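Under mature numbering (1 follows the signal peptide of the UniProt record, and there is no 0), read the sequence shown as residues -22 to -1, 1 to 268, first letter to last.
If you're looking for bench data, these hints aren't it; they were derived computationally from the structure.
It is possible that part of the hints are untrue.
Claimed, not checked - Derived DEER-like restraints, expressed as beta-carbon distance ranges: (1) P37 to G169: 52 to 58 Å; (2) Q231 to A26: 30 to 36 Å; (3) A230 to I39: 38 to 44 Å; (4) A40 to V177: 25 to 31 Å; (5) E18 to D146: 41 to 47 Å; (6) A138 to D15: 48 to 54 Å; (7) D148 to T79: 15 to 21 Å.
Said to hold, decoys possible - The calculated lysine to aspartate or glutamate pairs, modelled on EDC-like cross-linking and capped at a C-alpha distance of 16 Å, are: (8) K145 to E124; (9) K171 to D107; (10) K176 to D148; (11) K176 to D137; (12) K145 to E158.
Please read these numbers as outputs of a predicted model, since none were measured by experiment.
Cβ atoms here follow ideal geometry from the backbone N, Cα and C, with glycine treated the same way.
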Amino acid sequence: MRAQLVAAAAVCALVAPTAACSAPRVEGRAESEQSVDVCETLLGEAAAASGHGDEAGAPKIARYMAFEDAAHRWLDVAIQCPARFAEGTLRSAQAQAAAHTLAGTVGASYEPLTVERLDDVDTLDIGGDALAKLALAEDRAGFATEVLAGRFADGVAEDATTARLVKDGDLLAMSDNHKETASRLMHLSDGAKDLRRKVYATQELTAHSGQAVDPATGLRANTVAILEIDCAREGLAAFDASAHIDYTAMSAQQRTQTRAALAQLSMLIATHAYTAFTLGYPRTDDVLFD
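Construct the entire structure; sequences and hints are all you get.
Rendered as structure tokens:
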């Protein structure tokens, strides 16, 4: 049964409104792939790969390779079976984070499937409403990370991880990437209503130092990690609620373009979740799925 995302209704609590990448294995398949049987097969293959990675008694190198494989397989699920986009995206991020954790123990250098912007996406036919909601999520995260970068520049952050993000300029870079992505999504939305507010309430952001309480789960975690996972949740919820994709009604060229664009979008959202996980946000199913 499809795992459901943890409710994202509380995603705005931290920031409420006031008025280049590794290539995934996207394989060409016959259109019969969209049948329930084929999507269930893809799900089974991805779940099996994750299961092999979770085998505590297996050699670490075998687990590492299994998680690497799972990251690609779950991405394939997100692309080939849009009804499973959210699950495939989040589980790909989970697998990537697990591979990252194991990499150091086996002497490997792990490279996640990172996408930080959508500059190379020229068309994304999932519906203007979905794109506008995705743009809102990115814009909100961009504003929040900019606020934190300015606030923590004065050394307010007690959390060493957050302080390092500020010192290295990563927070400002994250803010720029979120905002540019929001602009790109609105450009692709073909005239949909722009939901962005540009400026959002900051009470919760300024009330805490390096850690805060995640409004979606009640967990206390790194503030930047919460912003990133909430951006991912909000984006996936927007896709689930508003995206419209029917591969059977598309030409071969349209299908190829849509799948390529979905790969970029999935990896973008997975990058947000992966960033949250590497900043210490729990990646367990009980936190991420119902």
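Status of each hint after checking the structure:
The beta-carbon spacing between P37 and G169, approximately 54 Å, falls within the hinted interval of 52 to 58 Å. The supplied range of 30 to 36 Å is met by Q231 and A26, whose beta-carbon atoms lie about 33 Å from each other. Checking the proposed 38 to 44 Å range against A230 and I39 shows it holds: the Cβ atoms sit about 40 Å from each other. The supplied range of 25 to 31 Å is broken by A40 and V177, whose beta-carbon atoms lie about 50 Å from each other.
Separated by about 43 Å at the C-beta atoms, E18 and D146 satisfy the suggested range of 41 to 47 Å. At roughly 50 Å, the beta-carbon separation of A138 and D15 lies within the given 48 to 54 Å, and the hint holds. Between D148 and T79, the C-beta spacing of about 20 Å keeps the proposed range 15 to 21 Å intact. The suggested pairing of K145 with E124 holds, with an alpha-carbon distance near 14 Å, which does not exceed 16 Å.
With a CA separation close to 8 Å, the supplied pair K171 and D107 stays within the 16 Å bound. Only pairs whose Cα atoms come within 16 Å are accepted, and K176 paired with D148 is rejected, the gap being roughly 20 Å. Straight-line distance between C-alpha atoms of K176 and D137 comes to about 27 Å, which puts the hinted pair past the 16 Å bound. The suggested pairing of K145 with E158 is violated, with an alpha-carbon distance near 22 Å, which exceeds 16 Å.
Consistency with the previously given hints fails for numbers 4, 10, 11, 12, ordered from lowest to highest.
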